Each structure stands twice: as C-alpha cells, then as structure tokens.
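There are 2 protein chains.
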Amino acid sequence: MFHHLHHWLIGNPLPTKMLHGERLDRVRALAALSPDALSSIAYANQEIYLGLVVAGSAGLALSLPIAGAIGVLLLILTLSYSQTIQAYPRGGGSYTVASENLGKWPGLIAAAALLIDYVLTAAVSLTAGVAALASAFPDLWPYRVEVALVLLFVITVTNLRGLREAGTLISIPVYSFVGAYLVMIGVGIIKALVDGLGSVDEANIASHATESITLFLVLHTFSSGCTALTGVEAISNGVGIFKPPETRHARQVMVVMAAVMGLLLFGTIALTQFFGVTAHENETILSALTREIFGRTVPYYVVSLSTLAILVVAANTSFVGFPGVSSLIAQDGYMPRQLTSLGDRLVFSNGIFSLTACVAALIIIFGGDSHALIPLFAVGVFLAFTLSQTGMVVHWMRVRGPHWHLKAAINGLGAITTAVTLVVVAASKFLDGAWIIMLLIPMVVYFFHKVHEHYQEIRPQLSLEGVPYPPPPVLPLRVVVPVSGMHRGTLRAIQFAQSISSEVTAVYIELDETRTEKFKADFEKWSGHINLVIIPSPYRSILGPLLHFLEAFDREQGDRQPAVLVLPEFIPGSWWQHLLHNQTAWLIKLAVIYQRRRHGGGRIVVDVPFHLRG
Amino acid sequence: MFHHLHHWLIGNPLPTKMLHGERLDRVRALAALSPDALSSIAYANQEIYLGLVVAGSAGLALSLPIAGAIGVLLLILTLSYSQTIQAYPRGGGSYTVASENLGKWPGLIAAAALLIDYVLTAAVSLTAGVAALASAFPDLWPYRVEVALVLLFVITVTNLRGLREAGTLISIPVYSFVGAYLVMIGVGIIKALVDGLGSVDEANIASHATESITLFLVLHTFSSGCTALTGVEAISNGVGIFKPPETRHARQVMVVMAAVMGLLLFGTIALTQFFGVTAHENETILSALTREIFGRTVPYYVVSLSTLAILVVAANTSFVGFPGVSSLIAQDGYMPRQLTSLGDRLVFSNGIFSLTACVAALIIIFGGDSHALIPLFAVGVFLAFTLSQTGMVVHWMRVRGPHWHLKAAINGLGAITTAVTLVVVAASKFLDGAWIIMLLIPMVVYFFHKVHEHYQEIRPQLSLEGVPYPPPPVLPLRVVVPVSGMHRGTLRAIQFAQSISSEVTAVYIELDETRTEKFKADFEKWSGHINLVIIPSPYRSILGPLLHFLEAFDREQGDRQPAVLVLPEFIPGSWWQHLLHNQTAWLIKLAVIYQRRRHGGGRIVVDVPFHLRG
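So the sequence lines, in the order shown, correspond to chains A and B.
Sequential numbering of the first sequence, starting at 362, is according to the numbering used here.
Sequential numbering of the second sequence, starting at 362, is according to the numbering used here.
It is worth saying that the hints were derived from the structure and are not from the lab.
Please note that the accuracy of each hint is not assured.
Identical copies go unnamed one by one, so any copy, or any two together, can satisfy a pair.
Listed next, the in silico BS3-like pairs over lysine-lysine satisfying Cα-Cα at most 25 Å (straight line) [claimed, not checked]:
(1) K950 x K604
(2) K811 x K465
(3) K950 x K465
(4) K881 x K465
(5) K604 x K886
(6) K378 x K604
(7) K378 x K879
(8) K881 x K811
(9) K950 x K879
(10) K811 x K886
(11) K886 x K950
(12) K886 x K465
(13) K465 x K879
(14) K378 x K811
(15) K604 x K465
(16) K552 x K950
(17) K604 x K552
(18) K378 x K552
Owing to the predicted nature of the structure, the values given are computational and were not obtained by experimental measurement.
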C-alpha cells in the first residue's frame, strides 16, 4: 500500500542517464532565477509599513526615503554580483566564493548562513503568500498555518517528483506577477493624476501611533525592509543554466531583474504613501493598496493570487537550492554523505526531506506569521552577502587581470555596504529574533566541523594500507547459541552453529527454576553432544547475564576474536503478531552489536530466522 | 543517563525469591480492598446531583429514592459476593468465575469488561479526585488535565517500584476519608437539628430547570448513580490476602464495607437534600455540602483532601488489578505473553505501562472531566457483575452441597438484578457513550481470540515431534557478501565468509559506472580468488537489485537452503555518527529477515561489525 501511494505521488524511478542540465533562454532563465528576489517585495513592503505605522502618519512618511536607501543597496549589489557572474561562469554561490578565496572557516560560515536562509526563504515566502491569500479571502485567516502546511506538502511532493520542465512552467506565475503589478502601478498613477492624491486617515492612524520617530525605529524598519534584497544573488549562483554566452546573458538578466525589482518596490511604496493607505489588522498593506486602486473587483483577486503564486514559486526555489548546496557541502565532507545521493527521481530526496521538516517546524512554531519570522531572516542573508563580496575582493587581488583595481573596488564597496547593513540588522533586530540565528550559525559550523572530523578519522581506520597480503587467516571460531527452550527454531540455530564450528556452546538463562529440568532433558535428547551452560538469573533479566557470560567466555579465549553469537529468532506471519512474542533476539542483537569494542573487532552475530505460518 | 534515572525512580531490581504474598489483618485488608468501592460515592453523588438538577428542585427531591434503589442493589450484591467468597477462597474474580462455570466465551467477555473497567476506574477516580481538589482550590480548575496526568505519573512510578508495605500505607487515606466523612455527617445532623432544615434555593435552581421529570430522566440518573457500586467485588477477588480463616474474615470485612458505603452514600445525599445544597459550575456537590456544613475552614480542606486521597488510592487499585488480571489472561494464552513477565521490581511492568497509556489517553480525550467519562463506566461493571453472578448460579448447580438451592437463589437474584440494571444502564446511557463500550467489548474479545489462535497455531509448527533423530545434517552453505568498496570492514566480512564456506560470492551494486574499474582492481588485489558479481543499478537502488539477485541465486540452488548473507557493517564510535553513514546494512537486514518465506526456512543473516574509533 505504501508502495502504491509512493508510486502515485512521486512517479516511476528515473534512470541515472536521464540526469542532464536543460539550458534556458533569457526569458525563461529570468523566470527560473528571479522569483525569490521579486517576490520579496511582498513581505518587505509589509515590514516597512508595520515598522513605521507605530509612529503614525509622520512615521509612514518615512517609507519612501527608506525605500530609497534600499534601492541604493540594490544598485550596489547588482554591480557587485555582475562581477561575480563574470568571475564564476560555472556558478558562484557564497559557499564557493567564500571557501575558494577566504578559506575553510569563512566558507563554512557562508554555508551555514546559506542553508539557514534557504529554510527561512521557504518559510517566509509561504507564510507571506498565505497572508496575501487570506487578505483576499478573510475566512482563511485563522487557518494560515494549515494552509501553509498544505502548500508545503504540495511543494515537497512536486520536488520529489523532480521539476523537469521547470523553466517554462515557472514563467507563468512570474510574468503574471510582474504584469499584474505593472498594470496596478500604472492604473494607480493614472488614478492619482485624475483623482488627486489622498492623505493618510489621520484619525485612524493617530490611534495607532504608540511610538515616536527615533533613530532606532528608522534603522529597525530599514533592517526589515532589507529583506527585499533576498534572492538577488540567485542569478550569480545559476549562471550554468543559461544558454551560451552564459556570462553575458546572466549579466543582462541580472540588470533587468534589478530594474523590475526597483520599479515594483518604489511604485508600490510611493502609491501606498500617496493614497494614504492603511491596512486592517488581518490584511497585508499590499492587499489594502490593491483594494484602494481596484476595489474588490476581479483585478484585485488577480493581483492577490499572482502574489500568492510567485511566493509559492519563491518557496520552491529553496527546494532546488537547499538540496543542491547541501549536496555540495556533503561532497566536501562537511555534511552527512546521504545528502549527495540522488533519489528515485534524480533529485536529492534527503535534502528535500530535511528542508521540509525545518520549514514545517518554523511555520508551526511561529504560528504561520511571516512578520514574526522576518527578524531571523536578514542576518543570514547579509552575512552571506558580506562573505561573498569580501571573497570577490580577494579573488581580484589574486587573479588580477584588466581593470582589477576597479573590480576589486566595486566588490569592496559591496562588501563594506553589506557589512554595515549586517551590523545594523543584527543590532536592531537582536532581541526580536536575530539572536537565534547568531547562535545557530556557530552551532551549524561546529556541526560541519565535527562531521568533517569524523570522516577524516575513519578513512585511515578503514584503509587497507598496511594490511599484510595475503591477509591473516581467520582463526577457528567459537560459537555461542542462547536458547530459551528446545523447539524447531532453536534446533535449526544449533545445527547451523555446528555446521560452521566444532566449538559450540549453548546458553540457557534460567528465569524459572521449575522449568530447568524439563529443558535439560529436552536438550539432552536433541543436542546432548553440545556443551550446555545454565545461568541462573535471580533478577529475571536475560540481557544482563548473557552479556556477562559472553565477556567472561571471551576472556578465556585470550587473543582470539570474540565468540560468534548465533541467535534463533521467530518471524511471525503478520506484523501485529510481533507484539505477541518477546523481542529478546532483537534486543540482544542491538546490545551486542553496539557494545563498545576495540577498533576493528566486534562480535559477529548470526540471525537464524524461523518463519511461522498464519 | 537513562540508566541512572531508571535506578533513581524505580529502585534496584529485586530477586525472584522475594516474591511472596503478605497476609493482612482485617483492618488493613479493608483498607487495601475497599478504596475503589468507598471512593465511588464521590462521583456517584456528583452524578445523581447533575442528573436531577436539570429538573429543578422537584428533580433533586428524587435523590433520596434513587439512593434507596442503589442501596437495595448494594444489599443484594453484598449477599451475592459473600457467597462468591465462600465458593472461591483463593479469589474469585469475574474472569475466573465466568470462565470456570460458563465456558470460554462468557469468560472472555467478562475479561474484556474487567480490563475496560480497570482503565475507567483509574480514569474516573483520578479526574474525580482532581475535581475535589480543584473545588477547594479553584485556581487549579483550568489545569485539571495536567494535574490528573501528574498524579497518574506518580501512581505509575510508585507501582513500577512495587508496593511492598501497601496495606499499612493505604490505611491512612482510607480511614482518614471514612473518619472525615463520618464526622461531617455527624456535624451535619447536629446542625440540622439545631438550625432546622434549609430548603433548595428555588430561584437559583429554577433557572437551571430545563427539563421536566420523565421516566427516562429517573432511569438515567439511577444509571449514573449505580457507579457507586463499582468496586464492591474487590473483596471477593482478594480473599487470598486475608490472614486465615480467610473466608470468614473476608465476609466480615465485606459486610463492614457495605455498611460504611451505605452510610456515607445515604448520609451525604440526605444532608444535601435537607440543606438544599446546590453547587457552582466549577465545584462538586460534595464540596458544596462540606462548605455548607463547615464553611471554608480547616475541616472543609481536610474533607476535600481526604476525598482526593482516597480517589487516588482507588485509581491505584487498578494498577494492581489490571496487570494481575492481564497476566492471568495472558497465562491462558489470550493476551500477549509479555504481560506475564515480572519486571525488575517483581511487578508486571508491561501491564502497568499499558494501563498508564490507556488512562492517559482517556484523561486527555475527555478533557479531565469525570462526568464525561461516567456514561462509559457502568456498562462494563454490570456486565461483569451479571456474568459473575450467573456463573455462581451454575457453580452451585454443579457443586451442590448443603443449602445449595438457597445459595443458587441468592446468586440468581443477584444475576437478575444486575442484568436488569445492565439493560437500564446500557439503554439510558447508550448515546452518551455506553455505545463505545458496547463496541469495544466485542473488539477486545475478538483480539483475545486472535491472540489465542496465533499461539495455538505456532505450537505444532515449533514442536520437535516428528523431527527425525538425529536431525538431518545442514547441507554445505553458499554465502553471499554484498560489498560497496574494498576496505578493512569488507575484507573482514569476506574473510569470515570464507572461513564458514567454500562457496563465497561477492556482490557489487554499481551505482556510478565511473567507480567500477577502481573497485574491480582493488577487489582483484585483495580477494581475487573469490567469485565477484557486478549488478548495474540504473535507478540507484541498492536493496531492489540485491534482493532480486539473491532470489535468482537461490533458484539455481534448487532444494538447498537459501544462501547465507554476510553483511559488513560499520559501527561508529558515538550515536550521532550513525547519521553520517548510509544505514544500508540495516535496511538489507530488515528486508531479508522479514521477507515472506516458506515455513521454517528463512535466510540466515550474519552481521560482521567493524568498530570505528572516535
């Protein structure tokens, strides 16, 4: 049944030879790489509004200047990453750039920041998308967590199937979103020209004005707004998917994307301010703006649904990025190796499962509220930006080439600006949740380190170097068979033991004295020629006395390897019947195999199953 | 760490020879066997009040007649069970009496009813106890579920430790309860004589009167009140713990207990009615009565806490009864055998765990509200009563002896009365929850039947009868070793395989073609003399192709037993490092061992562990 469900949801397995990269033209590449960046204006807008509305209309008047500052940052990042595209035509993610140019530790820090960002991108995008949906359909507002989890499930399954024709498919929501917003901004401008400007509803806002404008408030809002910049680096990571000439195409697309981002961000914020739009408690500011422009008509729903769609697609990009970067890090030996293995459908299934688990946890813990998640977000993003840009400066100093001074200066400007922003974000958001990330990053880096250490340590232990050839022969074996009574199952185990060794010892743990005589007689009859040891167990434990006996038995043997344990085991016909038998064989196996041993050795355990009918 | 916690909570293991029954004198035996019966007046009182208050003061006026009817039932049950004590001096629980006299199926039905009753007794007693506590300390009212679960945890741990000196310890809460209630009733009577009788606050009650007095209402309330009779049978189950002459002592204690029960039930209900006491929403009627008599003074708190204490002790009796009866049923082969095994501290730990899980589930599902649980309760109790009494009638007809006609008549009266009550309870409470139990009992009986069937079926399969002596020798073995690469771990497995068989085949599942040549060269160098099979796996699955190969390999062998599988396995130094290795060996073991096989056979699997340092 599980098999059928799996087949239906995930599809047939795909052979390895189908693994190939599809190259995309510029239009589809923009759709594939920009959703994260474009969609982030949805929550950035919301954050700027929420950050300023507490200071009333005077606060809200600051939204344009703040958007201006973010625009300047966007310009600098676009220039900087255009250079990364040039320098790393096969794709230059922060992890690659930082570890190649700055060394192991900065690389690992960038890797930790990146992985955390992917998780947060997915969680924030999903919850912001659900907020857009629930603004249009207020009945859904109390079920935001559930709706977000359903979408997460759909995204997970889609990614486990593998997105073969992703480029074309993703174009629809991305261009719908861009189109819908451009139309809305256009209509908004016409409306502003025809009707004249509105003004903030002072009475409504005044009642909300609980704080005065302070430097902290401005920096805090700026930090929140910086989440608009998340995803800007995606194109430089994905240069490899462009049709040649990759570098030129990627840079062109980068510029177009930045222009669209800037236009949407400025346009929506300017219109919000011109019309003096404010939002209800259970509505996003973008929904309120759209309502102001279109009323609750079909275009309003088109904008809302296209916002949801692009945010879902943005969440989806994490499901490509996270497993990809994990696999890269795992190949370098800093994460568990399973993350490098391709699943049934040629996707890194383990990475997808890990991401889904983390995102679901965040959605549940933070109650499906993107506003609560945002303070965790920008720290990792700007840390990765800073490390990547610093890495680029070192890159130009190493590689040199024409105009390298200028190039290093541009990336240097990027590094300094993002570093300053990082400090502002970390300081102003520290108590809101940035501290979680500042604790988490070192923990993740430490985990990378321990994983690497483990893989380094086991290599020489497993190496055949130094092993004499031919390898020393295995010494004659001693075998121990624990028996709880004489029946076909135990008899089969004893016979197998005899077939592999001439030194077989049966062990009987005496739980109930009254049964011992009967057992002895049975044993005598069927296996009398074998050595039998009876161990009384006054505390009715089987495991303890058996392990004790095995240790004493091994000590007798001196240098020889530990005695082989042959375990008779029943296998009932159906699963529930396992509950009707003591799972002693299973417990013994666990205890014996995981018992600490000296390097290399370890007790060999043989399972002799006896299948029951019915 | 787990070991230390276990040690600290549960204590040192006790040797089997310490298992002995402590005999109790009559005073302590009453304390040990009566808490369930005595404490049930707490919730029965509450149920009668809640059943009648909906019909206003006219309804409440019916509480004494209803209590009278319950008193008559109590008298009949006392007479009937006195006879059970006489007939079964070693303890005659419903399961024993019904299965000995009526046969297998009635016995199993009684067993199912009994087990369900034990669970409900614990759940109802705990929640009623918490209600008494929360009536005295209203701040606890919203946390009734949590408080009940904490008490459940304490009871569980106490019982896992084993209650050695239970008789003496339990005397304190039981006699405090009896003493406190007798004093309260005495003071109440004096107060009534001095101050005159009160009257129901008509205005207050009238507003609650939402129903008129109907036959259904009366029967419904009677059914709820019948929960007062739960636990009456406990003394007849426990005749064995009395000091000799057991039968006489047990009958004396039975009469005393019934007299005390009757006195407390009548006394409290009569006073409630005389004073016209009504209860708040978040208070029990007994708490309201106590407040009426004592005010919120120290005696009030003494009564409340002694109510809590005896209810906790009553819940505790389930923790002795349930594991005991389970073990009895398991000995007869109708429940999993593990329930018969004594734990570290000479208690049936598995039974205790099962009970705790069921009780916790009930408390959580029913929101810690004893009133919601009550409708489930009486059906099982009266079913067990009826079966037990009917069994006694058959017993007397079988055994005869002096006055057997009279004895059969008394038990017959008991059987008829309890059967009629059963029908009334089942019908009037059907929709409130009794249907759950009426569904559950046949399901539990079916489970007993399937368990028994399984144990019956496997006996001949395991029996050595018909096996020729000496048993046929094991044929020469063929061995298969799956290898993922050449290293010390796989080399050790191959060497072991060679030491037990001359026909060893190594199998390599090819996941990545580019690595095959390197592997072949390594294998050639270290184990070139062994047969090597390379299986391409285009879908990157290891398990599928391996199982496929093994089946084909076995078919070649014809009649010989399936090839032995020797699995190399790494064992990392610490638990978290398991996450850093594919758990392939473990998956293969599971798949191979649990694969359906013909009876008896089954593939032998050998684990060759290789322990890693660090």
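List in ascending order the numbers of the hints, as given earlier, that are violated by the structure. Going through the list in order, the structure violates hints 1, 3, 4, 5, 8, 9, 10, 11, 12, 13, 14, 15, 16, 17, 18 and respects the others.
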